[in-house]
Amino acid sequence: MTEVIEKKKIKKISITIDGKSMMVSEGITILEAARKAGIYIPTLCYLDNLPHYGGCRLCMVEIKNSKGYQTACTTPVCQGMEIITKTADLQILRRDILELILSEHTFTCLICKDKNDCSEYMHSTRKVGVTTGCNFCTRNGDCELQDLVEYLELKDVRFPIAYRGLEPVKDNPFYELDYNLCVLCGRCVRICNEERNSGVLAFVQRGNATLVGTAFLESQKDAGCEYCGACVDVCPTGSIAEKMGSWVGCPDNSTITTCVLCPVGCKMNVNSKGNRIINVGPEPGKRTAPLQLCVRGKFVPGDIVHHPDRINKPLLKKENRWVEIAWDDAIRYIARNLEKYKGSQFGMIGSAQDSIENNYILQKFTRKVMKSNNVDLLFSYPGKNLLKKIHEYYNAFPPIGLNKIESADTIFVIGSQAYSSHPIVENRIRKAYKNGKQVVVAHTHNNRTADFSNLFVNFNPGKEYSFLSMLMAYISVVLKKRLPDSVRELLENSNQRKLERIGGFRMEEIEQFARTLVKSRKINIIVGEWILRSPESENSFNLLINISRLLGGLENNRVLFLLDEGNRYGGTLVGIHPDYFAGFARVHNRVDHNKWAGLWNTKLPHQKGLSANEMIKNISNDGIRALFVMGDMPPHKNLADLEFMVQQNMFLSQTSDYANIVLPLCSFTETEGHIIDVERSLKKFTPVIKPPGLARPAWATMQEIAEGMRQDGFGYKRANMILSEIKSVIDLSFSTAEFESKRLMSVNRTEHRKSNKFPVQVIIEPNHFHYMGNLLSALIPDMKAIREESVLFVSEKLLRDLTARDGEKVRLITTFGKKVFKVKIMSGLNGKAAYIKPTWDDLPLFSDGLSPERCVVNAKIEDVD
Amino acid sequence: MSDILAIQKRATEEWQALQHSQHPVIYIGMGSCGLASGAGAVWNSVQKALLKSKRKVDLIKVGCIGPCYLEPFLDIQLPGSPRFIFNNVDAERAEKLLDDYLFTGGAKLKPLGHLGAPEGKINGTESFWDLPMLKNQKRIVLRNCGIIDPENIMHYIARDGFQGLINALNMGAAGIIDELKVSGLRGRGGAGFPVFRKWQFCRKAKGSPKYLICNADEGDPGAFMNRSLIEGDPFALLEGMLIAAFAIGATFGYIYIRAEYPLAIERLIKAIDQMKNSGFLGKDILNSGFDFDIKLKEGAGAFVCGEETALIASIEGHRGMPRTRPPFPAISGLHGKPTTINNVETLGTIPNILRKGGEWYAGYGTEKSKGTKTFALVGKVRRTGLIEVPLGTTLREIIFDIGGGTYKPFKAVQTGGPSGGCLSKDYLDLPIDYESLASAGSIMGSGGLIVMDEHSCMVDVAKYFLRFTSQESCGKCTPCRIGTRKMVEILNKITEGKGVMEDIEILENLAGTINMGSLCGLGQTAPNPVLTTLKYFRNEYEAHIIDHRCPAAVCRDLVEYRVIKEKCTGCQRCVEVCPTGAITGPRSEPHNLDPEKCIKCRACYEVCRFDAIAGDAIVIE
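Quick mapping for you: the protein sequence lines, in order, are chains A and B. Residues in the first sequence are numbered from 1 upward in steps of one, following this note's numbering. Residues in the second sequence are numbered from 1 upward in steps of one, following this note's numbering.
A hint or two may mislead.
[Said to hold, decoys possible] Beyond 12 Å from chain A on every Cβ pair, some chain B residues (computed): (1) Ser53; (2) Asn167; (3) Ala302; (4) Lys408; (5) Ser473; (6) Glu489; (7) Arg562.
[Stated by the list, open to error] Result set (EDC-like, lysine to aspartate or glutamate): computed pairs, CA atoms no more than 20 Å apart in a straight line: (8) B/Lys61 / B/Glu92; (9) B/Lys368 / B/Asp429; (10) A/Lys384 / A/Asp592; (11) B/Lys61 / B/Glu316; (12) B/Lys356 / B/Asp178; (13) A/Lys313 / A/Glu324; (14) A/Lys522 / A/Glu679; (15) B/Lys206 / A/Glu26; (16) A/Lys519 / A/Glu509; (17) A/Lys822 / A/Glu853; (18) A/Lys67 / B/Glu435; (19) B/Lys48 / B/Glu95; (20) A/Lys155 / B/Glu502; (21) A/Lys431 / B/Asp273; (22) A/Lys155 / B/Glu505; (23) A/Lys437 / B/Glu316; (24) A/Lys388 / A/Asp731; (25) A/Lys404 / A/Asp114; (26) A/Lys155 / A/Asp114; (27) A/Lys822 / A/Asp801; (28) A/Lys434 / B/Glu316.
Derived from the structure by calculation, the hints contain no laboratory data. Glycine residues also receive a C-beta, built at the ideal position from the N, C-alpha and C atoms.
Full structure from sequences and hints, please.
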């Protein structure tokens, strides 16, 4: 069946609003037309870009030759329509409706005749630590009811206050829901269901008792709240209000910047007052079209930036105590010490949430000044060449924009938990599903994405590659392709049974999956970390590319790799990688080596560089002896053997215990820089407030240290000079190039194997809830509350073999050690699978390096005596 | 088509055999109204008696035949004699009847009427159809109710069932719509939109599949027209759905029915099964190539789900909240597809129009409101029940000729349920049609007629309806959610004697805001009971506010009960019903009523046969 792509030509029609003739596009609503023409129509329930609602009834307008009044927000314009938005009768009707609304919302502050003269100190009714005046509403100054009262000239309310007398709902860690202030505009319910597809908020009860709540009166958390905060952003009255910044008042500044916590790189608006962030959310008065963020973007920046434990001066360790020292002294001290560790005894670990400018300087410093190739990002992928492969693939086939995920008729999601790692991507997947696109999911366990899928296949943890190989084999069979020997081998009956046993999937499922994909005209493949964070990732990459090619071509189908943390791709691209200079130029290639030596006017090291994991494992007298850590990282015990360690971070952490000196660091809201997002576009983040004390960005620090070590080539005045230098050597506009990939890789793998001694497969969620290595749950109690980290989730079946019950403690044993965890039942897990979101303290149980080699570890669970 | 001829032949034979049965046949009215009056016990006792006698007697369930106040009905048809109807039968009387007619003989107990043709007296018994309540009715949609076994498709077929469908299939969609246009049939759900036009919109709308929905979410207090029709003749509705679906091009239909109608649901399920087995439903219906299937969707009892967009939302699994139109369901309805929603009565009428022609149907009614309409005649009227009259019949004819008038002097009649209005005796000669009712400030609605007499307080009535709509509001739009609540609060105040004259102004003002501002019909019409009572019974409001007096002695806070010594015979009836022991006194002597103990439940007032209890309006100083 061929579908004719209708390019609807939008017809222009002429209408009149308040006597003004205008040409507008057919199909838009009266409200949209009026807004375009700059004509104000009062609204309360309207939300941009969401389906029409028409609940508040304040936007009623008069249409000539039409009976009664119509709501402007729902009525489409038509040719020749004559609309009148403001008449005496309309104003009375609207005022009467507003009066009804206010009769259920404490209205004294809105109609008090002194409201405009109310000074800060007048009639203070609250004996609290802030001066409130009578403006004791969290939304004073940003309350849409205030605007409406003004516009409709409401002077009095004829009805007694019908206070609902409800207890505010406080079970949400980030915001409070005081339904006494609710005007039932339904914005929160609609944004939660229609935009975010979280389905948490709903209308409950009916008639006058109608309220916003959760189904069956569950807690927000049990109802599945993802804490995206969209409901807070749209609430016009302060019924849903953020705890942070509630009593600070209106912001005096709003800055648009980019979130760096994950590579979606969401545009975010940060409201600030003085040098303090009030919140991340819409600018006052612009609540109808909030920028969409996730819990990290919405609630983390303010909390970490103004964290009471933040350091703002250099700290030197003297006799096991931290002593504040002057910045210049700190630089001199570091420069003097680093002189001793030039060469491959030095290592540098940067952060994938740092800007490309900072990361470029970190690797330049390491290579040019320290003469070492030991430079890497924290938690870099086990497949060292993976990002280069993705880079080359993207050069030929740029990643799909997030808004175009649903351009395909099938979305194939594999090994991803985007709802936690990339919530906005998850949102697009859900939207695609809701809009009738086919979503097919394969993962290690039944997860939330599977709820929004048409087809779900479970593979055993660590068996991504087996799944993909089998899928490819079946696709070839369905397409009646000539099968290479390696594939034919896979399809032999004995191999199939064996693969079913170890892979945890049934062949019928794979076949159905393959048939679904073959039937699709265009497929967008979304690849998550369970693929990327595995030693077979490069082979899996090849398989995915080949699958895409088989199913209608690389040009037609697109693969989107959900790289983690804000700038992993960008950082690696600018050279913070042991094997690559900027632009993936090879360190061990003579031409590339000479080119960079020439550019930097220096001799560059030839020794093979180590990854962050390898550096930590190689800390010894004849290995790594000095380490520079930008941000934080898990406190690995090997760090104790370092001779010299510098850390630049926002906080003192357990890792800092091993450092000789710690420098204060700027957050991304205090400095400028760029990241390259998941769509591979360059995004800028800008300073919102000034950094505290002596905190500096990485590039400024490294520049001073380089100068302290009498090195040239670091005379940058501003970060954008670094960007210019990067741009002069690599192409950040990503002009397309040819892509070559091998047809079929031989099935040569060292895939994860089960072990009889450790029969349980613990699925390890890569923990993205950190900022530059600083674990959020350790810093922000609310984050700890929602995350349930360090809890061992198991299948019901697994718990049956133990005497411990749900909520009690068990001991987890791996080849690396043992530890006691609280155990909880989780649905969706296969019989022998467990699941954990580890904190940094748990990591030694899953790896001898900094992070696990893959997202699964063999283990044994025992009762605690 | 040969199949259908065979079925029709077999059905006719079966029906004839039943009519001229060689052994007695007993029919029992087993609609909800009958069951509520004790038809279940009658059924059991008859069954038991027959079992004991071992005599071959056919026992058949039928639906409601109309005069609910005479339920339960038991009909006896002896060989060679027509069906005789007996009213108000209980288990005991049923046994006596069996004895009298079947066993010992004699047939001394007098029946209410006979159902035999020709009409006229048989053995001194009048035809049932000549009874005062039925004489002026015209039963078109109700023609089978109480006559046939609603669980036997053969009965329906024998009475020309599915003939309308056969004609329709031959006519084609355009022909059907033309025929409906000629018939002048307007939607019986309340708004009275011409049916042919609704179908035309949907037929022309782009999109596939198309859906047909039958709105059986009858929720008006006091209304039971749809329930009775489904219980008495489910096939009429289903045949109507087939015709509608064929005309609009739908392949799937829903019946959205209240879960509170278990019997109607049960009969629909049986009827659908039988139709599927006989080839009237499913694939290639009657070899015409037309496919249609029906699914029941039980509603959870929200009044607002009778509103078509809320109904669609409910079927889709969402909260039953209306949405603004456009787009109209005909363009974008269920699952965004073109959808037609028709009321039960509308669909039940359609087979008759297709069977006997649009012109025949248009012969009844008035110029703009054609055909007949069913009404649930309830309240303070002597003869309550389900009636069907040609449109244009006056309220007086319905209430006094058919309903037999009221016991106490007539005061008002409420048409159209909570969305309608209360009309005073000045409007008794108003012909019932869409336009006349609207001009009087009420609406046709789905057909509830609640009659009130001098003992009804109009402020209290308005309050009752407002409270209903206020509670049943979906909560989406402001004027309806809050406005109706405010009106209830003010009415409460007035009925407690605490009102002020400004309240009337605020009520009128609120009514305007709610009417102009509300999103759906529920809100827009919710103020009607207040507006009409204010219009026609303003003096009652004023009495409550100015004199602190309830003229009908209903509003509890404004009433004090006392015994009129001169009239009291000391019969003790009031003593027996008084829940608090406030009334005392020896038999045959005037009783005493202790106002301290009296909770003003009105029970004594209702039971007194000598008008010896006075409900005096007290004045709050």
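For each hint, the structure was consulted:
1. Every Cβ of chain A is farther than 12 Å from the Cβ of B/Ser53; the closest lies at roughly 54 Å, confirming the non-interface assignment.
2. No beta-carbon of chain A comes within 12 Å of the beta-carbon of B/Asn167; the shortest separation is about 38 Å.
3. The non-interface label for B/Ala302 is inconsistent with chain A: the shortest C-beta to C-beta separation is roughly 7 Å, within 12 Å.
4. No Cβ of chain A comes within 12 Å of the Cβ of B/Lys408; the nearest lies about 34 Å off, and the non-interface call holds.
5. Taking the minimum C-beta to C-beta distance to chain A, about 5 Å, the non-interface status of B/Ser473 is violated against the 12 Å cut.
6. Not every beta carbon of chain A lies more than 12 Å from that of B/Glu489, the smallest distance being close to 8 Å; the non-interface claim is violated.
7. Listed as a non-interface residue, B/Arg562 keeps its Cβ farther than 12 Å from every Cβ of chain A; the least gap is roughly 36 Å.
8. Our distance criterion of 20 Å between C-alpha atoms is met by B/Lys61 and B/Glu92, whose separation comes to about 19 Å.
9. With a CA separation close to 18 Å, the supplied pair B/Lys368 and B/Asp429 stays within the 20 Å bound.
10. Distance restraint check for A/Lys384 and A/Asp592: the Cα-Cα separation of roughly 18 Å lies within the 20 Å cut-off, and the hinted pair is therefore satisfied.
11. Only pairs whose Cα atoms come within 20 Å are accepted, and B/Lys61 paired with B/Glu316 is rejected, the gap being roughly 36 Å.
12. About 14 Å separates the Cα atoms of B/Lys356 and B/Asp178, which keeps this hinted pair within 20 Å; it holds.
13. Between A/Lys313 and A/Glu324 the CA atoms are separated by roughly 6 Å; this keeps the pair inside 20 Å, and the hint holds.
14. Proposed proximity of A/Lys522 and A/Glu679 is supported: the alpha carbons are some 19 Å apart, at most 20 Å.
15. About 19 Å separates the Cα atoms of B/Lys206 and A/Glu26, which keeps this hinted pair within 20 Å; it holds.
16. Annotation: proposed proximity of A/Lys519 to A/Glu509 holds, straight-line Cα distance about 15 Å (limit 20 Å).
17. For the hint pairing A/Lys822 with A/Glu853, the CA-to-CA distance comes to about 24 Å; that exceeds 20 Å, so the pair is violated.
18. Among the hinted pairs, A/Lys67 with B/Glu435 is consistent with the structure: their alpha-carbon atoms are about 17 Å apart, no more than 20 Å.
19. Between B/Lys48 and B/Glu95 the CA atoms are separated by roughly 9 Å; this keeps the pair inside 20 Å, and the hint holds.
20. Of the pairs offered as hints, the one joining A/Lys155 and B/Glu502 holds, with about 18 Å between alpha carbons and a cut-off of 20 Å not exceeded.
21. This hinted pair does not check out: A/Lys431 and B/Asp273 have alpha carbons roughly 39 Å apart, beyond 20 Å.
22. The hinted pair formed by A/Lys155 and B/Glu505 meets the criterion: a straight-line CA distance of about 18 Å does not exceed 20 Å.
23. For the proposed pair A/Lys437 and B/Glu316, the alpha carbon gap of about 19 Å is at most 20 Å, so the pair holds.
24. With a CA separation close to 15 Å, the supplied pair A/Lys388 and A/Asp731 stays within the 20 Å bound.
25. The hinted pair formed by A/Lys404 and A/Asp114 fails the criterion: a straight-line CA distance of about 52 Å is larger than 20 Å.
26. With a CA separation close to 12 Å, the supplied pair A/Lys155 and A/Asp114 stays within the 20 Å bound.
27. For a cut-off of 20 Å, the pair hint linking A/Lys822 to A/Asp801 stands: about 16 Å separates their Cα positions.
28. Restraint check for A/Lys434 and B/Glu316: satisfied, since their Cα atoms lie roughly 14 Å apart, inside the 20 Å limit.
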